[in-house]
Amino acid sequence: MTSWLSRIFSVARFVRSGNASPSARRPSPLSRVGRQGVAFLAIAVSSARAEDTFFAKRVTPILEQKCVVCHGAEKQKGKLRLDSFAHLMRGGEGGPAVTAGDPKGSELFVRVTLHPEDEDFMPADSKPPLTPDEVKVLELWIAAGASEVIALAAIKGAPALAAPKAAVLPLAPDWRARAPQIAQLEKALGIRLVPRSMVATDGLVLRTASSPGRCDDTTLAKLAPVADLIVEAELARTKITDAGLAVVGTFVNLRVLDLTRTAVTSTGLNDLLALKNLETLNLTATAVDDSGVAALRQMASIKQTWVFETKAGGADNPTAAAKK
Amino acid sequence: MNIFPTPFQTRRAFIGRVSQGVGGVALASLLEKGGASLFAAPALAGTRGVIHPLPLPQKVKRVIWLTMAGGPSQFETFDPKPKLAAMHGEAMPESFTRGQQLAQLQGQKLVCHGPQFPFAKFGENQTEISTLLPHIGSVVDDICLIRSMTTDAINHDPAHMFMNTGAQIAGRPSMGAWINYGLGSEAENLPGFVVMVTTGPGRSPQPIATRQWSSGFLPSKFQGVQLQSRGDAVHYLANPGRVSRAQQGADIGAINALNRQHDAFVADPEIATRIAQYELAFQMQASVPELTDLRGEDARTLALYGCTPGDGSFASNCLLARRLAERGVRFIQLYHRDWDHHSLLKEELPLRAKETDQASAALITDLKQRGMLDDTLVVWTGEFGRTPMSQGNKGPTGRDHHNKSMSMWLAGGGIRRGFVYGATDDLGYAATENICNVHDLHATMLHQLGIRHDAFSVKFQGLDAKLTGVEGASVIEGILA
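Line order of the protein sequences matches chains A and B.
Per the working numbering, the first sequence starts with residue 2, numbered consecutively.
Per the working numbering, the second sequence starts with residue 374, numbered consecutively.
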């Protein structure tokens with residue numbers, strides 16, 4: 002799988018999981034009372050600032066994500082709230098949630114480490130369970146005294162936080178701003194410009210499979226208003242020639258190009274050298290030869306080229322040449 | 374389906390969606406009058422699907438589904454079982470079968486029946502495959518073999534329905550219809566869902582039925598269109614002697630103008646279907662002869678598949694499947710029948726293997742060399758598996774239907790290559806590791822097409838009907854690259 006595909010794919014999985022982070026919808030974990038308490042204690046023991054405490058940095062995010070849906074300001078199942086240190090220490094109808102220094106004697110720890118089938122297992126109702134890392138964080142924190150003010154660095158051995166997800170790299174500008182133009186071009190030219198995914202900066206796929214005979218060099222020239230939006234161009238079996246490739250060379254964000262069974266030649270391929278993102282190029286059953294393909298294969302971005310049924314690739318015409 | 378923004382909603386999709394009740398029809402007609410320009414008949418460019426844009430990036434654009442109808446035995450194809458061979462002829466341990474549903478062996482004496490042909494190791498990972506399938510063995514590094522598939526049904530018709538529609542009872546839309554409904558058809562002059570059927574020669578195998586490619590409760594323009602394997606691919610394709618193409622076009626145009634008028638008045642999706650089908654049929658008069666004309670195919674390509682043009686073989690259909698894929702057909706389903714070996718397993722199964730082995734492998738090779746395997750999903754499967762126990766009450770020994778273990782394979786975009794997923798117990802009676810079922814297979818296919826299976830539903834009889842059913846299905850993450 003090419004890297005950009007895998008990247009989009011990971012984004013997709015993220016999108017697919019739907020409700021991204023419950024914390025976005027929840028009030029701050031530290032209630033007003035809690036913050037005052039922290040401030041007071043911070044003076045008293047001259048300990049870490051609230052933001053640098055193990056509780057704020059490591060414990061609170063877990064409680065927020067996995068617990069406060071049912072044990073917070075809105076719902077207090079078992080009369081337990083876990084949306085502040087004070088509430089946590091107050092416990093619920095079953096008694097205290099935490100016994101400082103004794104994870105196995107702390108209801109909070111015990112309930113999340115039961116067998117998932119156990120009716121007392123938390124989170125209940127098949128909500129996402131704590132990860133082993135999260136369980137470990139709770140265990141270390143309780144064992145170290147369940148303190149609100151203990152510094153982040155004071156508890157050793159906590160599993161590292163997962164690196165934050167890399168920001169989504171746009172493959173192309175947001176197509177939505179040009180939706181009317183896109184619709185108009187589709188209608189006028191009888192081609193399709195299909196968004197690659199729900200991510201509006203994933204660009205468009207130029208599709209001609211419905212009637213390749215309708216797409217020629219003139220058609221491509223008319224796509225200038227959306228040239229930078231096209232990340233994938235399916236031009237197999239169309240009537241385009243080398244002149245059309247000059248236009249394709251202006252599709253600056255193009256990554257995938259299919260020229261199967263078109264009249265393009267090695268001469269036209271030179272125009273593609275301008276495409277700094279081009280990764281996949283299909284030249285099956287075209288008149289290209291090694292003179293045109295060699296330069297393309299040198300491009301840093303190119304990952305795969307296909308030259309089946311062409312003169313390129315040597316006497317035995319290897320079916321697909323993947324760049325090492 | 375309303376979770377997706379749909380800036381390019383077509384008139385048909387719109388009507389299809391809102392006209393679920395009388396109120397919906399009224400609303401649709403109102404909008405039709407008020408916004409005629411908005412919902413003008415689309416230019417000829419295939420059909421737009423209801424899912425737009427796609428929630429997930431599309432890994433594959435099309436599916437080629439090879440159905441080995443009748444239920445091939447996994448023990449003679451993809452699931453070697455040395456322990457079963459060692460116990461050949463002994464009683465099947467009751468611990469496996471007690472209380473289990475069996476098809477034709479219910480109440481019979483159950484005897485272990487070892488694999489009837491040797492297995493050999495193929496590919497870089499030394500995957501064990503029957504020596505009856507050397508060509509598939511030669512492309513094993515490009516396919517993902519699943520040995521732990523299961524299905525709900527244990528008899529042919531319900532099993533075919535389940536595999537095709539996600540429900541054992543007939544009447545639901547088949548997967549090809551769902552996919553064309555969701556994604557639209559790329560091909561404006563060919564159907565988006567094409568079915569072709571071949572049969573091993575000389576016997577009268579289990580029937581298959583057109584309801585397996587029905588559109589169910591979706592508009593009927595999404596149903597599979599069967600092309601004939603022999604003779605004209607479509608009956609009465611050519612115009613009668615003195616009717617020119619222009620005349621035929623004028624006739625179709627006039628009929629469709631009348632239909633459109635009526636459609637604007639009553640907004641019935643079935644009229645839209647009729648209009649679309651008339652247009653499509655007219656286009657197919659030109660496109661099908663071009664499609665089935667194999668003269669442009671290299672002799673090496675014909676040799677790769679092992680077919681001669683016009684022979685009506687599974688191999689020819691595999692080649693046609695590639696040509697359909699090139700022309701934008703979204704879902705291509707090939708059936709090869711006569712895998713139902715209750716008897717004569719040792720005699721008949723090798724014949725089916727020979728009829729399909731080279732062509733199935735050639736399809737993978739050909740798609741790969743043309744750069745098409747990366748955006749095509751190829752699936753090879755029966756409707757169920759077969760028992761590790763012998764069946765002797767129908768003549769010379771065979772195997773009975775079985776739903777707790779079956780083997781199948783996938784290949785193409787985003788699927789792990791050269792990989793074996795899941796396993797069965799020592800005797801191959803039941804899948805024990807990475808057990809998956811047909812709903813999971815459908816979920817995975819939709820996922821690769823860019824569709825969230827759990828959000829792709831249509832209101833029908835008060836339910837949000839889905840291809841993947843209501844019991845819950847999971848994408849088989851373990852087979853994804």
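It should be emphasised that the hints constitute simulated quantities derived from the structure, not laboratory data.
All figures in this text were calculated on a predicted structure; none of them were measured in a lab.
Some hints here could point you the wrong way.
[As the list claims (entries may be wrong)] Straight-line alpha carbon distances no greater than 25 Å define the calculated DMTMM-like cross-link-like pairs of lysine to aspartate or glutamate that follow:
hint: 1; chain 1: B; residue 1: K719; chain 2: A; residue 2: E94
hint: 2; chain 1: A; residue 1: K304; chain 2: B; residue 2: D666
hint: 3; chain 1: A; residue 1: K128; chain 2: B; residue 2: D837
hint: 4; chain 1: A; residue 1: K128; chain 2: B; residue 2: E844
hint: 5; chain 1: B; residue 1: K482; chain 2: B; residue 2: D798
hint: 6; chain 1: B; residue 1: K456; chain 2: B; residue 2: E699
hint: 7; chain 1: A; residue 1: K304; chain 2: B; residue 2: E497
hint: 8; chain 1: A; residue 1: K240; chain 2: B; residue 2: D666
hint: 9; chain 1: A; residue 1: K128; chain 2: B; residue 2: E699
hint: 10; chain 1: A; residue 1: K240; chain 2: B; residue 2: D837
hint: 11; chain 1: A; residue 1: K304; chain 2: B; residue 2: E652
hint: 12; chain 1: A; residue 1: K78; chain 2: A; residue 2: E52
hint: 13; chain 1: B; residue 1: K741; chain 2: A; residue 2: E94
hint: 14; chain 1: A; residue 1: K312; chain 2: B; residue 2: E699
hint: 15; chain 1: B; residue 1: K456; chain 2: B; residue 2: E806
hint: 16; chain 1: A; residue 1: K312; chain 2: B; residue 2: D624
hint: 17; chain 1: A; residue 1: K304; chain 2: B; residue 2: E844
| said: Name the hints, by number, that the structure is in violation of. | reply: As far as the earlier hints go, 1, 2, 6, 9, 10, 11, 12, 13, 16 and 17 are violated by this structure, in ascending order.
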